[in-house]
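The listed protein sequences derive, respectively, from chains A and B. Per this note's numbering, the first sequence runs over residues 2 to 112. Per this note's numbering, the second sequence runs over residues 11 to 124.
Quick caveat, the hints were computed from the structure, so don't treat them as lab data. Some hints here could point you the wrong way.
The list that follows gives simulated cross-link-like pairs (lysine-lysine, BS3-like), each with its CA atoms no further than 25 Å apart [said to hold, decoys possible]:
1. A/K42 to B/K88
2. B/K34 to A/K38
3. B/K34 to A/K69
To give a feel for the contact side, a few chain A residues facing chain B, derived at Cβ under 10 Å [unchecked claim]:
4. T21
5. S25
6. F31
7. P44
8. F48
9. M49
10. T109
11. I111
12. P112
Predicted model only: the values in this text are computed from it and were never measured. Glycine included, C-beta positions come from ideal geometry on N, C-alpha and C.
Listed below, chain by chain, are the residues.
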Amino acid sequence: EDKVVQSPLSLVVHEGDTVTLNCSYEVTNFRSLLWYKQEKKAPTFLFMLTSSGIEKKSGRLSSILDKKELSSILNITATQTGDSAIYLCAVEPHTGNQFYFGTGTSLTVIP
Amino acid sequence: DAGVIQSPRHEVTEMGQEVTLRCKPISGHNSLFWYRQTMMRGLELLIYFNNNVPIDDSGMPEDRFSAKMPNASFSTLKIQPSEPRDSAVYFCASSLWGLDSPLHFGNGTRLTVT
């Protein structure tokens, strides 16, 4: 059965710290891995990593895909209170059009 | 550009009642997904459609749940009869199938069954 595991489950840091969130997956015929940020409402899209693009960066956020280790990390540098959210990882296989989500990492950034 | 639109935003109902959740996907998107989110189980895929056709409904918990997509711009998720354990946030999402397109989520419907 396909599976996506995120760690840690929760994290509390101080403003200015750097955090690394982890996502590992077991998916048949991997196609892409996606990161989302969820505050109070809907998950919002951050990055998509595919076979042809294994590293993405946007401002203080960056993500790397390690296809050999079947994992990805999401880095946030110089964290701010506005980064407090649940970060979700999802994986899409080639077969079908499903997106399998992990249970998320809850990040709290305190001033 | 309008995103995925869901209604209602909140629904409170009594056990045994019928509940209908509605979704309008992003115009031009050809895949639509219904997810349920709870603290215990996270985001669970219930069913998804490609070009208005249900492809995989293996995530639908039981026969009390049904989903339809009569056209490219509208879908419903129905629970009949509802039970307290159905209480959750239900998200609809859409994407462009086959084009490395991410999922775009609606704001969800928070369902409370008492």
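Name the hints, by number, that the structure is in violation of. Of the numbered hints given earlier, those the structure breaks are 3, 4, 5, 6, 10, 11 and 12, listed in rising order.
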